[in-house]
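Student: Protein chains in written order, with the numbering used here: chain A, 178 to 746; chain B, 177 to 375; chain C, 1107 to 1207.
These are calculated hints, taken from the structure and not from any lab test.
Quantities reported herein were computed from a predicted structural model and do not represent experimental measurements.
Incorrect hints may have been included.
[Claimed, not checked] Straight-line distance between alpha carbons at most 20 Å, and here's what the computed EDC-like set of lysine to aspartate or glutamate pairs gives:
no., chain 1, residue 1, chain 2, residue 2
1, B, Lys262, B, Asp343
2, B, Lys268, C, Glu1117
3, A, Lys471, A, Glu719
4, C, Lys1175, B, Asp188
5, B, Lys262, B, Glu345
6, C, Lys1175, B, Asp227
7, A, Lys746, A, Asp721
8, A, Lys738, A, Asp695
9, A, Lys610, A, Asp695
10, A, Lys617, A, Glu692
11, A, Lys617, A, Asp648
12, B, Lys234, C, Asp1202
13, A, Lys471, A, Asp737
14, A, Lys610, A, Glu692
15, C, Lys1120, B, Asp265
16, A, Lys746, A, Glu719
17, B, Lys338, B, Glu267
18, A, Lys294, B, Asp343
19, B, Lys270, B, Asp343
20, A, Lys477, A, Glu730
21, C, Lys1175, B, Glu184
22, B, Lys338, B, Asp265
23, B, Lys264, C, Asp1143
24, A, Lys693, A, Glu745
25, B, Lys294, B, Glu184
26, B, Lys262, C, Asp1202
27, B, Lys264, B, Asp188
28, B, Lys264, B, Asp343
29, A, Lys746, A, Glu730
30, B, Lys262, C, Asp1143
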Amino acid sequence: MSNDSHHEENFLQKYIFSVDHKVIGLQYGITSLLFLFFGFCLMMVMRWQLAYPETSVPIVGWLLGESDILMPEIYNMLGAMHGTIMIFLGVVPLAVGAFGNYIVPLQIGAPDMAFPKLNAASYWSYFIGGVIMLASFFMPEGAARSGWTSYPPLSIFETGQTTWLIGMVFLITSSLLGSMNIIVTIVQLRAPGLSWFRLPFFVWAQFVTAFLLVLAFPPLEAAAVLQLMDRVAHTSFFLPSGLVYSGATVDVYGSGSPLLWQHLFWFLAHPEVYVLILPAMGIVGDVIANNTRKPLWGYKSLVYASVFLGFMSFIVWAHHMFLTGMGQAMSAFFQTTTMIISIPSVVILTAFFISLWGASIRFTTPMLFALAFLPMFGIGGLTGLPLGVGASDIHLHDTYYVIGHFHYVVAPGTIFALFAGIYYWFPKITGRKMSEALGKLHFWPSLIFMNGVFMPMFIQGLAGVSRRLYDGGQLYAHAQDVLQWNEFMSISAFCLAAAQIPFIINVFVSMFNGEKVDRNPWGATTVEWSAPSPPVPHANFEGDVEVYRGPYEYSVPGADKDFSPQTEK
Amino acid sequence: MQIPYIVEERPDTGLNNSKLGIWVFLASEIMLFGGLFSAYVFLRMAAPVGDFAYWGSKLSIPMATFNTIVLISSSVTVIMSWASLKMKDFEKYKMYMGLTLLCAFLFLVVKYFEYTGKFHHGIYPSSSTFMGIYFTLTGLHMLHIIGGMIVMGYFWLPFGNKMWQSDPERFTNRIEVAGLYWHFVDLVWIFLFPILYLL
Amino acid sequence: MSDHDNGHIQEHIKVYLTVFGALGALTLLTVAASYMDVSTTEAIFLALTIATVKASLVAGYFMHLITEKHTIIWILCLTFVFFLFCMFIPMITTIDHASLS
Ligand code: HEM
Ligand SMILES: [Cu+2]
């Protein structure tokens, strides 16, 4: 041990500018949870407008300008920022920044990440990006209003977009630094004996995710720079010749192409959805193995499936562009790759389901969330298939069906898995367990209201109601029969918010008064559970770690207990 | 506890952390410029026939050729500076690293004259799609040059001396890593030169 | 890398200088070729071939890729595949699109 672990750290060094992966992980976790909450609040204001169009918004109405009615410009702002915040400031930082940072080094028996200072830089870059995004609400121009996809030509002319692009550059940088660190950490810092096929599935999921981020984000960064040029230096990368805007021909050189943006954007954004889902699957895998007291079924096929999934996710992107006049050949290509990529997802889901077979399941709170993930992600995935087929996508594209589809993947899917992770690893982080009673009070209403919010979206979407409508479809004849669902969904969303109260209480109460636990309260096998709770600052483990077995050796015949930790001979 | 494999190599991968780190970083850089090159091709196809070649002919080939040679030379000097450290010759390292920085600076000076020359003729990024992508690509490339200069300058100044004395092996690794980055910047220019100036 | 003794390094240096010469020559060659009277397709092909050779020299010798470890080679191969996707799929999509109109 070197002597630098002995010197005293002051408050700033210890909690703010720390380079310890655990502190950075927590910083990421807290910040991203706050952003998730904020993004959810934006959405509740929008849901109010959709349910009760053009009436005063309660509670936060005074924030919305002179009248306390939500104006269309603000609606667009809230929509674009909800998407941006949820994805880039909420889920990714929580799944990769927080869980990746905190858990991966522990699960591979490492004292820290490979590059601690880079790790801190990643967090601070994320933080600055977040501040810029938040600040944009208060700037005279306002926040971005062109959707999280920022399609040109609209995004070139709408206000607020410049700030958005600058914020994105910081967020992209943050993700790049963070994921490079994860790759190097996993390749280089695995404890002796921890060979590739002894890694927990969670680590594999993070590994693939990190590659997706490192290789898919840069083209979006390039595209962001080009869009910035279009806005600031008046180039016309994304503007065709002779474009008419607000009745006048736009005075630029022209000869650019809006489709270029779509290509570069989706080159990132499709892998991004796997960035959102893979860490979630990793968490679910660990939680299921632990609570079924059985090895994960088909561990190797899970690993191969996630690697294949990661690879394929780079060549499906234009399924978001079927309606851009793409030719038959390329359209066929992307339909085929999209159908192929659904196979590994099904493999993973199936392996999880089979793992449940014949198990004596412990229905702990983390397990409930993990179990709910399975059907919810299943719905999200299956409803994606019609979107991947050109013929049906013509009808469904840009409707609420799409919104329903991907929210099933990210909200009751990923978010539930992340909750599972929080309940599961909370004892490791604090040395105390979260309350099971409050946990269940959190889980059941959440499950019900999640479906209340998102299920009707399929109905509306199939009826043809477009997304991003300020009035939720009031003016459209074809929407009249499904309009009544708007109120139902909005009320569900408000109840969903209320259902998070037990969680918030639980976190604070358990942090100080939760049941004190030892280092391995769940009887788990993976390496992190052999560290003290909380793990030693700047070192994690008390001594050297060595690994002797695979990640999920539960109920090994002949063993004296029903779990055989990786660190025990 | 010390993080392992900062200097020594991990037996099964044969790498130290920073070597792997820089290559993963360069992989992301490849994708960054990949996105931009893809944009270049896409825009060239979308533009009227001959438009890119017409605007491209306004650029100065002699200046760019000179800059290409300058950048290639700097790649050689940076690797010589690393080789000097390998041979424990710190004085020579200082000289070669100094030359590298000089080359980088020369590159920027030439680029400055190129840019201002264009501005004098009223040519800006908005003048045409080609000029837009020209300024964007070379501008980003220049940012990479400046970034490299900052890092290498840091190792060239007295900080370098100190680190060389306290931990020579680690210092040599750092120079190797900085060198890898610098070669990459050179490599990007090798493609930028023909696609912007010659085609 | 303690296996590099001085003599070893001296040999490396010779290689570096040779590569330097080759890179300089290729630069002049590509400039000369650009003045040749050939079709655009041929010119593009020629310029990109020369650039690729130069880039391979830099990557192979200056960046030591020809003797680099497997892990790095694998990562770069993967990156290169995605690089190709990013370069060519948008292009092919445009061509496919254009042929319809
Ligand atoms: C759980 C609570 C959530 C609710 C009630 C909700 C609701 C909605 C609704 C109704 C829309 C459509 C707005 C419109 O078309 O005008 C929307 C859009 C969107 N949501 Fe959510 N959402 C939630 C969580 C999430 C999460 C967790 C994510 C991502 C990880 C997310 C990402 C998005 C994105 C990307 C859009 C599209 C924004 C755009 O049109 O540019 N949402 N959400
Ligand atoms: Cu997609």
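Student: Going through the earlier hints one by one, which of them does the structure break, listed in rising order?
Tutor: Hints 3, 6, 11, 12, 23, 24, 25, 26, 27, 30 contradicted; others consistent.
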